[in-house]
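Visitor: Residues per chain are reported as follows:
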Amino acid sequence: MKRIVVLGGGTGGTLMANRLRRLLDRDAAEITVIDSGDAHLYQPGLLFVPFARARPESLTRPRCRQLRPGVTFRRATVERVDLDADQVLLADGASVGYDVLVIATGARLVPEETEGLTGPGWQDRVFTFYTLDGAVALRRALSEFVGGRLAVAVMDMPVKCPVAPLEFCFLADSYFRDRGIRDRVDLVYVTPLDGAFTKPVCNRELSGLLKDKSVSLVTEFNTGEVDGEGGRLVSYDGREVPFDLAVVIPLHAGQDYVSRSPGLGDELGFVPADQQTLQSKAKPNVFVIGDAADVPTSKAGSVAHFEGQIAARNITRYLAGEPLDASFDGHTNCFIESGSGKALLIDFNYDTEPLTGHFPARIGLPLLRQSRLCHLGKLAFGWLYWHVLLPGREIPGVHSQMPAAGKRQPAPSPVAPARSSR
Amino acid sequence: MSTATYAGTDVAVNDEGFLTDPAQWREEMAPQIAAAEGITELTERHWQVIKFMRHEYETKGTGPTVRVLGKTSGVSVKELYQLFPKGPAKLAAKIAGIPKPRGCI
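Sequence order for the protein chains is A and B.
Each residue of the first sequence is one higher than the last, beginning at 0 in numbering that gives the first Met the number 0.
Each residue of the second sequence is one higher than the last, beginning at 0 in numbering that gives the first Met the number 0.
Rather than coming from a laboratory, the hints here were simulated on the basis of the structure.
It should be emphasised that the depicted structure is a prediction, and the values quoted were computed from it without experimental measurement.
Ideal Cβ placement from N, Cα and C applies to all residues, glycine included.
Hints may contain errors.
If we take Cβ atoms under 10 Å as the criterion, some of the chain B residues that face chain A in the derived model are [as the list claims (entries may be wrong)]: (1) MET0; (2) THR64; (3) ARG66.
Just a sample of chain A residues kept apart from chain B, beta carbon distances all over 10 Å, derived [to be verified]: (4) PHE72; (5) PRO241; (6) ARG371.
In silico SDA-like pairs for lysine to any residue, Cα to Cα no more than 20 Å straight-line [to be verified]: (7) B/LYS85 x B/ALA33; (8) B/LYS59 x A/SER258; (9) B/LYS85 x A/ASP193; (10) A/LYS1 x A/ASP83; (11) B/LYS99 x A/ASP350; (12) A/LYS210 x A/SER258.
With the rest of the complex left out, here is chain A:
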């Protein structure tokens, strides 16, 4: 009997456990999911909470209920992983041995790593919508906001769902328009990148959208300090962005136990993995999925979904002593809410930047173009998440490999691509 232990009962951990349970007979392997809490949060819904377009209580469900029969859910806090002994040590002193370990513990927010961010003004005029509490607090602040400068600021990469801060700007524009006070609100988007997005074609479209909605853009701004009392973002190179209300995306890191496990993670607590097989670089019997992984793609639910199929196959091959043959191409697929009941869709992978065209083929949803259809797609995604993604099933017509058909290849451009680092 093989023992598979999955750390984390979020998107990646849940769909992994369910996929593996379907692939492996119950008498061949036991599967245990370990998580410290039992509330599974539908993270894509957080974006809508501040605008009173999602009810907070509708976004969480019990973790254990998302797991197939035959998957054991254990509520416990992980102290560290002993890679040499193939054991997970729990905070209560117990240890759990494994033949295969799946790391799916995601990313955590570390607002305290930015000077001043959690000081005076935090949750008063400085908010984040990346937590449920934060999104609810921001809903109240937005409803009381009658005018002034609203700054939306990304502290540094990597962040979960890198398009969410842009979506927030688009939705804020609609929100204040609906309230009839848009002319009294100055919206500004502050990013450490040198454009709205990292890749040229997408950057052009999204920058244009910010402009259309009169959102000013401040680039290459590495926030060193958030002064909630004085209402200022201060960059490391001494520039300032004043604000009346700030919505920040705090720094992200991996989980603490990763840093306490010698040889497992990198400096930020993410776990380096082979970008194709999703096997960790730490040890062959450890696999990584979702936001916890250090692989060069977005931290997004769609990535965890596409990775799921690849990692599940490779894990079963590994258990059977066969060479790993499934390869992840970095496929990412995101709906971008653009306000006024519309959305855009982007689809890309390690090698192909988000392009215009249609998805998944020549006839399909428009790519990188605002449409009502994509907005409906985004809303439908909530249902797909609980009923198709988490159970570890395939979305009909959507494959883990990125489709090339339907994408318009860009003409070779003499302009240097947008830089993506500092």
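Model the placement of chain B on the given structure of chain A, informed by the hints.
Guide: Just chain B now, kept in the frame of chain A:
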């Protein structure tokens, strides 16, 4: 792709001025690359970062981002911005003759 001459040696550089072959880099080239970026003097602190960048590149195949540099190089992010204004990770990588750190998406 073009060529630049540092310390009397021709090296291949990309459109943004990064050496395309880190093996061509020698310490003598650093002051000249730095000067072209407006850094007139390389202090011991600069060198600590430059050598760290080289070491990270040689062991990991990519240069660290500024946040990782701040955590691991022994030089705080604040000081990194004083040493290499605007973009420490990018600038230090260029002076150290390694590719631009792989960005995040």
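Visitor: Which hints, by number, does the structure contradict?
Guide: Numbers 1 and 12, in rising order.
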